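Chains as they are written, first to last, in the working numbering: chain Y, 1 to 102; chain P, 1001 to 1620; chain F, 2001 to 2159.
No wet-lab data here; the hints were simulated from the structure. Owing to the predicted nature of the structure, the values given are computational and were not obtained by experimental measurement. Think of the CB as a built atom: it goes at the ideal place given N, C-alpha and C, for glycine as much as any other residue. Treat each hint with caution, since some may be false.
Said to hold, decoys possible - On the chain P side, residues computed to face chain F include the following (Cβ under 10 Å):
1. L1013
2. L1014
3. T1180
4. A1183
5. L1193
6. L1533
7. K1537
8. L1539
9. V1607
10. I1610
11. L1616
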Amino acid sequence: MDTIPFEHGLLLASALFALGLVGVTTRRNIVFVLMSLEIMLNATGLVFVVGSSKWGHADGQIMFLMILTLAAAEVAVGLALIIQLYRRFKTVDIDVLSQLKG
Amino acid sequence: MFESLGLLPTFPLLGFLTLFLAGGFLPRRMIGLIGAGSIGLSFLVALSIVMPFLSGDSEEVRHVVYTWLSVGNFESTFGLYLDGLTVVMILVITGVGFLIHLYSTGFMIDDPSFSRFFAIMNLFVASMLILVIADNLLLLYLGWEGVGLCSYLLIGFWYTDPENGYAARKAFVTTRVGDTSMAIGLFLLFTQLGTLDIQSLLVFAQDRWDIGSGFAIAATLLLLGGAVGKSAQLPLQTWLPDAMAGPTPISALIHAATMVTAGVYLIARMHPLFELAPNVQLLVALIGLATLLIAGFTAMTQHDIKRILAYSTISQIGYMFLGLGVGAWSASIFHLMTHAFFKALLFLGAGTVILSLHHEHDIFKMGGKWRQLPVAFASFMIGSLALAAFPFTSGYFSKDEILIGALAVEGVGLWLWLGGVVGAFFTGIYSFRLVFVVFFGESRGHHDEGEVTGLAMALPLFVLMVLALLGGFIHIPVDNVFSHGAALGAAHEEHSVSTFMHAVMIVVPLLGIGVSYLFYCAGVFSVSSLMKLPLAKTLHSFWYSGWGFDCLYKLLFISPFLWLSKVNRRDVVDTFYAGIVVLSVFGNAVSVRSQSGLLRWYILSIVIGIVLLVSLGAFL
Amino acid sequence: MSFLFYAGGAVALISTLFVILQTNVVHALIYLVLSLLAVAVVFFSLGAPFVALLEAIVYAGAIMVLFLFVVMMLNLGQTTREQEKAWLPPRVWLIPVVLATVLLSGLLSSFPANSIEVTEVGVMEVSGLLFGPYVLAVELASFLLLAGLISAYHLAKSR
Chain Y
1 MDTIPFEHGL LLASALFALG LVGVTTRRNI VFVLMSLEIM LNATGLVFVV GSSKWGHADG
61 QIMFLMILTL AAAEVAVGLA LIIQLYRRFK TVDIDVLSQL KG
Chain P
1001 MFESLGLLPT FPLLGFLTLF LAGGFLPRRM IGLIGAGSIG LSFLVALSIV MPFLSGDSEE
1061 VRHVVYTWLS VGNFESTFGL YLDGLTVVMI LVITGVGFLI HLYSTGFMID DPSFSRFFAI
1121 MNLFVASMLI LVIADNLLLL YLGWEGVGLC SYLLIGFWYT DPENGYAARK AFVTTRVGDT
1181 SMAIGLFLLF TQLGTLDIQS LLVFAQDRWD IGSGFAIAAT LLLLGGAVGK SAQLPLQTWL
1241 PDAMAGPTPI SALIHAATMV TAGVYLIARM HPLFELAPNV QLLVALIGLA TLLIAGFTAM
1301 TQHDIKRILA YSTISQIGYM FLGLGVGAWS ASIFHLMTHA FFKALLFLGA GTVILSLHHE
1361 HDIFKMGGKW RQLPVAFASF MIGSLALAAF PFTSGYFSKD EILIGALAVE GVGLWLWLGG
1421 VVGAFFTGIY SFRLVFVVFF GESRGHHDEG EVTGLAMALP LFVLMVLALL GGFIHIPVDN
1481 VFSHGAALGA AHEEHSVSTF MHAVMIVVPL LGIGVSYLFY CAGVFSVSSL MKLPLAKTLH
1541 SFWYSGWGFD CLYKLLFISP FLWLSKVNRR DVVDTFYAGI VVLSVFGNAV SVRSQSGLLR
1601 WYILSIVIGI VLLVSLGAFL
Chain F
2001 MSFLFYAGGA VALISTLFVI LQTNVVHALI YLVLSLLAVA VVFFSLGAPF VALLEAIVYA
2061 GAIMVLFLFV VMMLNLGQTT REQEKAWLPP RVWLIPVVLA TVLLSGLLSS FPANSIEVTE
2121 VGVMEVSGLL FGPYVLAVEL ASFLLLAGLI SAYHLAKSR
């Protein structure tokens, strides 16, 4: 077993997170927004796994499992919402779906 | 026996409550019965108290009904106090009050607000009684404000005419100036002497303050302010002539017989305090003298029958102040009583004239009415004789005593006396000008009207005629109250009043009556030819306007105030609060723009926040 | 093992970049699957084989297939490519990229310099903890999934 610098693991997670962030803030297609959200969630999970192997504990992996569950539920609800919104407004542009401004 | 002192204001108060709450449901006879009856009962109670008081040794009586307020070391009781001065006042208030109420049952019978009239009248009598039987200044102040309120309500009784409302407000605001001064006076007395109980307060004051000390001067000046406001003396006299907007019985009861003399009562009640401040006492005399002269001149020029009587009231209260100022306390109270008799008589007579002639107020539209209105003529004849101090009428005795008291003062005494005599001369002129113009000469209108009269209206007039004629022979039991002052005055009296002066005091009013006769009855001189002189014309218009006091106050107070309120129409202080409103509206507009509904902007702002937080953690 | 880490990491970064740059939804999805698989490789290199498997099966398998189904249902394909291009002029990238860079540099400066002794934490340890101290969390996760299932069914129902 060889060693990997801890900060490299964190750097990878941060880079993935930043990319996801750019995706969320840039894209107007709601499907892409949801995908970018998945990237960010995954990056967060990566941090837990890196921590888990740094200290040799299994707790980090369990956190990742929780995030996995969360992601599954979130994707299910999110996709259902996308379907419903598309039925109603015939678009996937989130800028059109701005009724929340009141 | 003296426990029934508390019943005195109770009956009018009950009458007020009954009429106020149930007046709308009662028939008019019932309202009249309750209104006048409550005062009648009060009068009987007053008699039942006064009789044993007079037959006894005339010692003062105190009776505490209950403790009103008790805060820290301050305690104000609902305490009642009876001495000679109070006896005179309660008899005048309930006696004259009852007669005027009785008269009102006839006078006001056609008024739609019959019950409201009697309700407020009863409340007034209750307040006035509380004022005079209070044993402490706080309770006195309660009555003081109570009569002020009733005065306001009754001046504006016919409130549908805005003029009347204006007169009521003027009276209220003007007396408020005096009342504020009096309230400050009470504060001063309490902080300095630690009590508001009148008797102990006077004792403390005499113990702690030297004659002419600063506190005594300040306290008496402030109390004088209150008295001046209530009694319509210079410089707060302007409200009384306008107060004649109310029904005539009101003018008789409140603005002639009782309320306006409350200031006289206050000063008489607090006289040991005023004796500690001789300069202020002299000021009282000077105010009285100036007021009686100014009001006398003005009364000669007025056309309105009630305004003439109002100015004459101011002038007569000026005499009372003159008496107070020269230390002739009992003479002042004596004049207060006789004035209540003959001025009530005059006002009620004027009420009969006005009612009979269908609310005609201008005396120059009357004339030759003595055949037409015999009862009113008799009232006016007797009332004016008393007012002008015709020998052996009631006014003669009381005014005489005041003038003799004025002579007793060293130094300025002769001048005060001279001023009073000149005032008496003008009193003769204006009182008989009224009589001659209204009742003699040829009729100038209203030929056909008969006299409105009935037992309810005639009886009080007859009783008051008797009192006005013979009231001077009543001996008022105030010697114990003013014992030291009276002794002092008597000592001076011995050597300073000569027969010549007595003769002058008798002749001068007669001269006034004679001049009035020459002008207005015999027609030897004519007012209109006198008016052709420019000086006389100027003087006439100046006097007619009440020496321009209204204009002066308008210039000094009203116009600047109106100007200020005009300038400050958009309240300056308000701009601060308006600023807060503008700021929050602006903030709202800004934050509304941030709520675009665009999700990416929301995320972006969250990211900016996170970046800031991370940078804080990382770079700091 | 470190070679696996760096290779997987590089593939994950590049494919993720393609995900956010793509205009075709299906292509983007494929890149996302690739990225997730690369992350699974990274997990494996970090000594977490169980999690790596789950990543591949659940994330890259199940969830992405869900996406694929939805994309097929909405019929977003060739027709929306032009639309996507019109939505993505170069200037819209500026602010997000700047912000993400600042955030990244902020995070970078706070990393502790340390090294990881890669030791395998296998299924045994994970499942031991999972059904030991964390059993309540597992139950809650199952509730979450149930709630997600019901709400997804409810929301996607056509009225």
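Evaluated hints:
1. Hint status for P:L1013: violated, given a least beta-carbon distance of 75 Å to chain F, over 10 Å.
2. Restraint check, P:L1014 versus chain F: the minimum CB separation of about 76 Å is more than 10 Å; hint violated.
3. Using the Cβ-Cβ criterion of 10 Å, the hint placing P:T1180 at the interface with chain F is not satisfied: the shortest such distance is roughly 68 Å.
4. For P:A1183, the interface hint is violated, since its Cβ never comes within 10 Å of a Cβ in chain F; the closest pair sits about 70 Å apart.
5. Violation of the interface hint for P:L1193 is found here, the shortest Cβ-Cβ separation to chain F being roughly 77 Å, above the 10 Å cut-off.
6. The beta carbon of P:L1533 is not positioned within 10 Å of any beta carbon in chain F (closest approach about 97 Å), and the interface hint is therefore violated.
7. A least Cβ separation of about 91 Å between P:K1537 and chain F goes past the 10 Å threshold, and the interface hint is therefore violated.
8. Given the 10 Å rule on beta carbons, the hint for P:L1539 is violated: about 91 Å separates it from the nearest Cβ of chain F.
9. Interface hint at P:V1607: satisfied, since its Cβ lies 5 Å from the closest Cβ of chain F, which is below the 10 Å cut-off.
10. For the restraint placing P:I1610 at the interface with chain F, the shortest Cβ-Cβ distance is roughly 7 Å, inside the 10 Å limit, so the hint holds.
11. At a threshold of 10 Å, the smallest CB-CB gap from P:L1616 to chain F is about 9 Å, leaving the interface hint in force.
Hint violations for this structure: numbers 1, 2, 3, 4, 5, 6, 7 and 8, all remaining hints satisfied.
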